[in-house]
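J.: Using the sequences plus the hints, can you model the full thing?
2 protein chains.
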Amino acid sequence: MFGVTILGNNSALPAYDRHPTAQVVTLNDQLLLIDCGEGTQMQLSKYKIKRSKINHILISHLHGDHYFGLPGLITSMGLLGREHDLHIYAPAALETILNLQLQAGNTELPFSLHFHPLENFETILIDEKKFTVEIFSTEHRVPCWGFIIKEKRMPRKINIEVVQQYGIPAAFYEFLQKGEDYTDKKGHTYKNELLTIPNKPAKSYVYCADTRYVEKNTKICSKATLLYHETTYLQNCEEKAALRFHTTSIQAGKFAANADAHKLIIGHFSSKYEFLDDFLKETKTVFPNTDLAIEGVTFLV
Amino acid sequence: MFGVTILGNNSALPAYDRHPTAQVVTLNDQLLLIDCGEGTQMQLSKYKIKRSKINHILISHLHGDHYFGLPGLITSMGLLGREHDLHIYAPAALETILNLQLQAGNTELPFSLHFHPLENFETILIDEKKFTVEIFSTEHRVPCWGFIIKEKRMPRKINIEVVQQYGIPAAFYEFLQKGEDYTDKKGHTYKNELLTIPNKPAKSYVYCADTRYVEKNTKICSKATLLYHETTYLQNCEEKAALRFHTTSIQAGKFAANADAHKLIIGHFSSKYEFLDDFLKETKTVFPNTDLAIEGVTFLV
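In the order they appear, the protein sequences are chains W and U.
Heads up: the first sequence begins at 2 in this note's numbering, then just goes up one per residue.
Heads up: the second sequence begins at 2 in this note's numbering, then just goes up one per residue.
Just to be clear, a hint being listed does not mean it is correct.
Where chains are identical, the list cannot tell them apart; a pair therefore holds if satisfied intra-copy or between any two copies.
Calculated cross-link-like contacts (lysine-lysine; reagent style BS3-like; alpha-carbon spacing at most 30 Å) [stated by the list, open to error]:
1. Lys273 <-> Lys47
2. Lys217 <-> Lys204
3. Lys241 <-> Lys51
4. Lys54 <-> Lys241
5. Lys54 <-> Lys204
6. Lys54 <-> Lys273
No lab work stands behind these hints: they were computed from the structure.
None of the values given here were measured: they were computed from a predicted structure.
T.: Encoded structure:
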């Protein structure tokens, strides 16, 4: 299972029962939390997501609607007896803030908190057995990063009928999976393509918030299986969006189209909008395969 | 109207749809916020309390369940265009934390934020036309303060029948209200008690969290019209309560009885309790006029 569950889809301040930004990415048995607006720990409880399974937390930037829920989540993890490590990837200033908060509360966490300042990374942020997380810069009023979460390419599958037909020894199967050819004792070589079949293609989830429209990022985010792009305003607020370094519905659609994404979800709606239908309508005129990032919904990658 | 509305009644972490501590005190047209756990701004919206009317925020101590909602509330006030001053009374370290957060988000508030470190006050924290706020120390794991919000004694009322009977000039009424006697041209003095009647007695609301049982504070909180006392545990957890500098149901009742309070409300319930009935049952054995601090309920002082 590779999916993303929306916990908060609103920008700036909570409104109409929509919460500030937070998303949980599920990668088999691993959970990654992306951004952590105020109330995220309540949303995790509401949607029955186990916070103990979250080992990585990525914070895109230091506007409060993307991280004011983090100190509460961390201290709650401690109160609930967490003992395994937690990794936080965020702009450097957050480390100082968190440390001051822990110190002021005389709080000793029962687990190790590893802080990784985003400024220290060029591209690869996390390199796990089954996935990587890469970062890229967006253009916002403060330094802000986007995240690309990519499955690692799955090994090729043994074509059992064919390998048995040619009598390839089972001990060599693991090398076949890695793409090697097989040469028998007589010196005859069997091409890997003959003996194996390709596995499912590696999938990717791209998280892109907050930002104005940045054409060069369509290349960096190219061919995302699922792309999340912020869409703070409808198209008639294009000037305001530019001024505040945010994106409109049409711009988000254009970004997905130019990045050749498979599917787009849009969120980070301004609190001025009670209803969201027009966001979907406008974005779909440019990129039909779009959905609203509705809270509580899990999108499969 | 002098009342207190409960926004959060849970301790440490949110549970069973109970929120971390926050209360709004209404004093005619003024609102005071006491503590501001995560999600307070959402609770204010839920109960339709106008955040623009909050001019004073009191933070008892720097455990996260009492202030992690503050940065979000403040930045939201800014986003909503607040222009009038806001006063925060809290332990000094919070000023550094808030400033770092505003700086990291490159946030310029459109209103003046006045920070008043609680350490700087002996007793009187706020002295307004119609009320005062006094502070006192509780005994907790970190420095913690309680608050006494007192109406100022109302002026005495003119006894119209009597003043007309004696022909007291109307120009002297304001001095009568202040308690002065009246002496006429012939040198005859009319005692104030004869010409006026006492107004309603001044009422007080005492907020006492977090703390272990502190006998000497029953004197400081003496004769509260309405007393809020933390009650984290039931009586069978007395040892745990002492260890963690918290109070049990029976101890809270004893505190109210020894302080000769008129009415007690109890809150700050541990997340280990799904149901609260036993808190009420136990506390009432010692102090019958007790209510649970249920979220959304307004208690008149």
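J.: Decide, hint by hint, whether the structure agrees.
T.: Now for the hints, and whether the structure bears them out:
1. Lys273 <-> Lys47: both (25 Å within a copy, 18 Å between copies)
2. Lys217 <-> Lys204: within (21 Å within a copy, 65 Å between copies)
3. Lys241 <-> Lys51: Cα proximity of lysine 241 and lysine 51: across copies only (27 Å, versus 39 Å in one copy).
4. Lys54 <-> Lys241: Between copies only: 29 Å across chains, 39 Å inside a chain, cut-off 30 Å.
5. Lys54 <-> Lys204: For lysine 54 and lysine 204, the Cα distance is within 30 Å only inside one copy (22 Å; across copies 50 Å).
6. Lys54 <-> Lys273: Between. Shortest inter-copy distance 21 Å satisfies the 30 Å Cα cut-off; intra-copy 35 Å does not.
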